[in-house]
Amino acid sequence: MQATRNLPPRALPRHFRQPRLLLVGCGDIAERITRLLGAQNSRYRIRAVLRHAPESAAWRHWRQLGATPLRADLDQPRTLQRLHGIADSIIYLAPPAEQHPDRAMDPRLNRLLAALHGEKSLPRPGVKRFVLISTTGVYGDQQGALIDETCPVAPRTVRGRRRATAEATLRHWHRSSCRNSNQSSRQSGLANMAPTGGILRVPGIYAANRLPIERLRAGTPALRPEDDTWTNHIHADDLARICWLALTRSATLRPVNTSDDSTLKMGDWFDAVADAAGLARPKRLPRAELKERVSPMLYSFMSESRRLDNQRLKRELRIRLRYPTVSDFFESPEGPLC
1 MQATRNLPPR ALPRHFRQPR LLLVGCGDIA ERITRLLGAQ NSRYRIRAVL
51 RHAPESAAWR HWRQLGATPL RADLDQPRTL QRLHGIADSI IYLAPPAEQH
101 PDRAMDPRLN RLLAALHGEK SLPRPGVKRF VLISTTGVYG DQQGALIDET
151 CPVAPRTVRG RRRATAEATL RHWHRSSCRN SNQSSRQSGL ANMAPTGGIL
201 RVPGIYAANR LPIERLRAGT PALRPEDDTW TNHIHADDLA RICWLALTRS
251 ATLRPVNTSD DSTLKMGDWF DAVADAAGLA RPKRLPRAEL KERVSPMLYS
301 FMSESRRLDN QRLKRELRIR LRYPTVSDFF ESPEGPLC
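Under the numbering used here, the first residue of the sequence shown carries the number 1, and numbering increases by one thereafter.
Honestly, I wouldn't trust all of these hints.
Calculated lysine-lysine pairs in the DSS-like style (CA-CA distance at most 25 Å, straight line) [stated by the list, open to error]: (1) 128 - 314; (2) 265 - 291; (3) 291 - 314; (4) 265 - 314.
Calculated directly from the structure, the hints in this document are not laboratory data.
Can you make the complete structure from the sequences, with help from the hints?
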């Protein structure tokens with residue numbers, strides 16, 4: 001019996017030692033993250049939040065990717081209770097609720113954070129990392145100025161206002177977690193780290209399957225050069241890698257401009273896509289005339305002009321972009337084939 005007590009403890013199986021990653025908002029980018037981590041021999045145990053039923057095609061698809069689906073709906077708070085204590089790390093990619101009457105609120109994130117807290121002031125087991133996918137729309141119209149993350153937020157669109165509120169909500173949650181963590185540490189004498197992570201402010205996402213091909217085929221016009229606005233881009237594969245790196249390399253909830261090195265106006269972007277796809281370039285119109293020809297949503301994108309400084313992305317996340325500019329993508333074998 002004494003010899004048995006002196007034996008060294010056996011290590012837990014690898015399955016139980018892997019960090020648990022929860023993906024909330026399981027669209028194209030979440031799938032790319034899952035494939036990326038799968039290619040790296042499943043460093044994480046990935047769990048994907050789905051609204052679909054277990055017998056659905058989406059459920060089977062995520063199982064084939066190597067993830068464990070969890071049925072929960074961000075619009076149904078009761079279904080989120082099962083997420084309490086389910087993950088060490090979270091990447092939140094879900095869009096804000098479009099139909100909510102408060103045009104400056106993101107209730108989906110609020111519900112998730114409430115579910116993570118459960119009945120305690122700090123999530124247990126603790127969420128160590130939280131990455132929020134935000135939008136560069138929080139800056140509003142900067143009239144073409146080159147801006148970094150110190151630029152004050154001034155959103156003009158509903159989506160931008162909701163994302164700015166989501167960022168503030170996550171910071172408040174983080175501050176509350178830090179206070180509770182410090183209090184718990186003093187009472188127990190044990191270290192109890194509050195969650196950290198990053199806020200990624202993402203511009204226009206593109207990939208071979210995310211190009212404005214149909215818009216070009218429909219003949220949707222663009223602004224003439226003297227009226228045109230600056231636009232910013234990031235390839236979907238690069239964004240997936242940045243999300244993963246932010247889990248381990250973002251020490252605080254400081255925002256990061258998640259943009260490549262491209263310097264393009266929107267009309268030039270459409271021209272580049274058209275040239276790469278072998279389509280006619282869009283007609284250029286004055287702003288007053290174009291406003292009558294496009295949808296209000298598209299026009300809102302054409303009414304905000306800014307250029308993003310991405311030095312914090314390179315310095316803190318230390319990423320080497322696969323596609324530093326959109327030209328690098330169009331010139332690559334992965335470019336559009338139409």
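May I ask which of the numbered hints given earlier this structure violates, with the numbers listed in increasing order? 3
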